[in-house]
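In case you want the letters, here they are:
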Amino acid sequence: RKEVEQDPGPFNVPEGATVAFNCTYSNSASQSFFWYRQDCRKEPKLLMSVYSSGNEDGRFTAQLNRASQYISLLIRDSKLSDSATYLCVVNTDKLIFGTGTRLQVFP
Amino acid sequence: GAGVSQSPSNKVTEKGKDVELRCDPISGHTALYWYRQRLGQGLEFLIYFQGNSAPDKSGLPSDRFSAERTGESVSTLTIQRTQQEDSAVYLCASTYRRESEAFFGQGTRLTVV
Chain A
4 RKEVEQDPGP FNVPEGATVA FNCTYSNSAS QSFFWYRQDC RKEPKLLMSV YSSGNEDGRF
64 TAQLNRASQY ISLLIRDSKL SDSATYLCVV NTDKLIFGTG TRLQVFP
Chain B
886 GAGVSQSPSN KVTEKGKDVE LRCDPISGHT ALYWYRQRLG QGLEFLIYFQ GNSAPDKSGL
946 PSDRFSAERT GESVSTLTIQ RTQQEDSAVY LCASTYRRES EAFFGQGTRL TVV
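If you read the sequences in order, they're chains A and B.
So for the first sequence, the working numbering puts the first residue at 4; every next one is plus one.
So for the second sequence, the working numbering puts the first residue at 886; every next one is plus one.
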């Protein structure tokens, strides 16, 4: 079983839609969690950290469920500029990246 | 510098040659990672340095790959006797503490011809 698993997508959604991504991790001792965004042919960039209580940054909401070992990312009111690959990242003794979920927002 | 710096940004080399890739982490960051990303694929962990601890080399794909880091400064990733399957973008990232978020350099695009 992979340490971090994500649905590769692609998710094709219209502008204004709400879209949710899930990610599962295998190691219950994992300590910190993040969502990254990667645009085509660019390096990954931090989108947001994920806290146990859940956290929100504008249109983006991240949640962590330690009991079920999954992390989610919700994007509301999708924009064309949200089109990218979203990477789930889990830190146990080192940072492990999921393979990413590709999002394509169309007009 | 303000961010993680990698050099060169692009490297074309002949099969069988050795290459050396360089990473300058953010000043004060204790941890440094190297990842490989093939075209259309996810990030593949290669090696991790944390302070003065022994590096985690569990992701290095073969003994042709090696990396060094002196203290909490520059790291070099060396690939000996390059093969065509080594063609990829090599990404370096650093973190302030073990549990902190990572900041990436822009990567070195390696092409082996």
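Source of the hints: derived by calculation from the structure; they are not laboratory data.
Here the structure is a predicted model, which means the values were calculated and not measured.
A portion of the hints provided could be inaccurate.
As the list claims (entries may be wrong) - Listed below are the simulated SDA-like cross-link pairs for lysine to any residue, each with C-alpha atoms no more than 25 Å apart in a straight line:
| # | chain 1 | residue 1 | chain 2 | residue 2 |
| --- | --- | --- | --- | --- |
| 1 | A | 97 | B | 902 |
| 2 | B | 902 | B | 937 |
| 3 | A | 48 | B | 902 |
| 4 | A | 5 | B | 970 |
| 5 | A | 45 | B | 939 |
| 6 | A | 45 | B | 937 |
| 7 | A | 45 | B | 914 |
| 8 | A | 5 | B | 911 |
| 9 | A | 97 | B | 991 |
Each hint, compared with the structure:
{"no.": "1", "hint": "A:97 / B:902", "verdict": "31 Å, violated"}
{"no.": "2", "hint": "B:902 / B:937", "verdict": "31 Å, violated"}
{"no.": "3", "hint": "A:48 / B:902", "verdict": "32 Å, violated"}
{"no.": "4", "hint": "A:5 / B:970", "verdict": "23 Å, holds"}
{"no.": "5", "hint": "A:45 / B:939", "verdict": "30 Å, violated"}
{"no.": "6", "hint": "A:45 / B:937", "verdict": "30 Å, violated"}
{"no.": "7", "hint": "A:45 / B:914", "verdict": "22 Å, holds"}
{"no.": "8", "hint": "A:5 / B:911", "verdict": "30 Å, violated"}
{"no.": "9", "hint": "A:97 / B:991", "verdict": "21 Å, holds"}
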